[in-house]
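Trainee: What follows is each chain in one-letter form.
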Amino acid sequence: MTVTPNVRLIGLFAVLALAIALPFFVGGYRVFQFTMVLDYAIAVFGANILTGYNGQIALGNGAFYAIGAYTVAILMNHSGLPYWATLPIAAAICFVAGFLFGLPALRLEGPYLALATFALAVATPQLLKFHGIEKWTGGVQGILLDKPDAPFAAINSDQWLYLFCLIVTVIMFVLGYNLLRGRTGRAIVAIRDHPMAASSMGIDTSLYKSLTFGVSAMFTGIAGALGALATQFVSPDSFTLFLSISFIVGVVVGGVATVSGAFFGAIFIEFVPPFADQISKAAPWAIYGVLLIFCVYAMPTGVAGLFRLLGRMIFRRQPPSSSEISPARLTP
Amino acid sequence: MPDGITNNTGPLLAIRGISVRFGGIVALNDVSFEIERGQICGLIGPNGAGKTTLFNCLSRLYEPQTGTITFDGHELLSQPRHRMAGLGIGRTFQNLALFRTMTVRHNIMVGGHSTTRGGFIANALRLPIVAREEARLVERTNALIETLDLGAVADTPIQGLPFGTQKRVELARALACEPKLLLLDEPAGGLNSEEVEKLRALILMVRERYGLTVLLVEHHMNLVMRVSDKVVALDFGRKIADGTPEEVRNAPDVIRAYLGADA
Ligand SMILES: Nc1ncnc2c1ncn2[C@@H]1O[C@H](COP(=O)(O)OP(=O)(O)O)[C@@H](O)[C@H]1O
Ligand SMILES: [Mg+2]
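First to last, the protein sequences are chains A and B. Residue numbers for the first sequence follow our numbering, beginning at 43 and rising by one. Residue numbers for the second sequence follow our numbering, beginning at 5 and rising by one.
Bound conformation, chain A alone:
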């Protein structure tokens, strides 16, 4: 407990320094891809808070991603607010939407909740095409956004967007990490492990589950908002069921109930499909499937779990440090 937190902190700052330097060393499209990695990392973290930590299997977070994206697109085109000012609004709307969806979801457990959120994900693209709101959403056409300009002449707008996303990512991960490390985080996990005992310990399980739903939706919504800025375009068909499932894939590949796992999951989401496509133009999704199965078998606690195991071997540290919650597996 004396050595490792420092090693970790140094490691963390090293990674952050690399992340800041990154857009100045790779080409334009790569910068965009890494912007999307940051963006997906926030979404995967959001899904993990709900599914990994709180045990509510959520297959519908793509809906909140869409709400976040559309909020930014609509506000930028109709309100004249600067792009950065639309983020808190998207966050608030998604939090409320998630909290409200979480209320009826309280009655559903395991696979039933999974199905209800699945239904949400399936319905999202069609709801977005609804005629009554076409004036705002642009219907099937979607909405085009302006690219945010860099505030300094020294960097181009792609690099700025990446750095802006990095700032938001750091803020969201600090907030999420704090939420999970203390009283609220223990309560969130206690509800997953034994809801009845959790309520006997004084935890208002209904309130906590709904709030956790809201928080998850908020993270996902912010990710959606950043995604809209990065792609400069939103349309109903960008928010398919596959996107929702991808977040859960990211959770499992990165590590259920881990914080850092979100980044590994996000890398998988962003880079594996094009990689699979390179390997086989004929059957890219088969390659994707094989890679996914390989990850799940080779790293049952995800990439983050594997790193933790390796770290423990290198530093010969037996017990996990007292402030961390151990990675888990999904048990519906």
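Take these hints with a grain of salt, some might be off.
[As the list claims (entries may be wrong)] Simulated restraints on C-beta separations:
hint, chain 1, residue 1, chain 2, residue 2, range
1, B, L131, A, F194, 28 to 36 Å
2, B, I133, A, V57, 29 to 37 Å
3, B, P132, A, L352, 29 to 37 Å
4, B, D153, A, P342, 30 to 38 Å
5, A, P342, B, E40, 52 to 60 Å
[As the list claims (entries may be wrong)] Only pairs whose alpha carbons sit at most 25 Å apart, straight line, appear in this in silico SDA-like list of lysine to any residue:
hint, chain 1, residue 1, chain 2, residue 2
6, B, K184, A, F67
7, A, K171, A, F284
8, B, K184, B, L206
9, B, K184, A, K189
10, B, K184, A, M238
11, A, K189, A, F67
12, B, K184, B, S63
13, B, K184, B, T160
14, A, K323, A, D279
Note that these hints are calculated values from the structure, not bench results. From the three backbone atoms N, C-alpha and C, an ideal C-beta is built for every residue, glycine too.
Starting from the known structure of chain A, fit chain B with the ligands onto it as the hints suggest.
Mentor: Then chain B with the ligands, alone, in the frame of chain A:
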């Protein structure tokens, strides 16, 4: 505290006319008794007598069809389940109910949930009050770890710890809410006679140290009779005796229903 005159003179717990039915089964039938502050009250009765059901009414896991429960000036049955710990009722479970992926330390800290306040926003921003609360809780958790001799396993996950150790973790977790009333559901279950002796000393010690009132469900007659100030006996959901250990031991109904069989 909404209805909050804390009554320091009357009994800490008053159970009046509690009945619980599950379909055709009457698990509790018009049960009434009181526990004074500082008492250790033993609750005995054959398997299926309704002891755990009574505990579950006290933690608001079951809703009795009739009756009232007054605890420390509060009408329990008008409060939600998650308020029980905050009012001062801590409990252990007959068949362990620990948080299996969490360490011993974290389990105990969850037990202290009701003694801390910080919500989602305060925690996400790690406000100074959260850090202060957390430091105090860590301190109390360390004290409980020491009291219950859990130091060697403090940072080990619950899963895989021996049964007796898990029972001590449950006791520590129950104590972490700083209870006035401690409900112990068969704490001696699965322990050998040496461990039962230790348990007896432990119950007396925590009562003394934390100024507790204890309601103890136990099959182990010897333990109940030697640790309790008062004993209540149930049979088929009805109270059949209530008095000092001596009185209850000699009550004809108890001898017939319970002791007669295996004492
Ligand atoms: N949740 C429940 N559903 C149906 N019957 C129950 C339930 N809980 C307890 N019972 C029944 O109530 C009776 C009392 O059980 P219990 O309180 O567990 O007894 P004890 O703890 O004294 O052994 C038993 O007949 C039991 O089967
Ligand atoms: Mg029982």
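Trainee: Which numbered conditions among the earlier hints are violated in the structure presented, ordered from lowest to highest?
Mentor: 6, 9, 13
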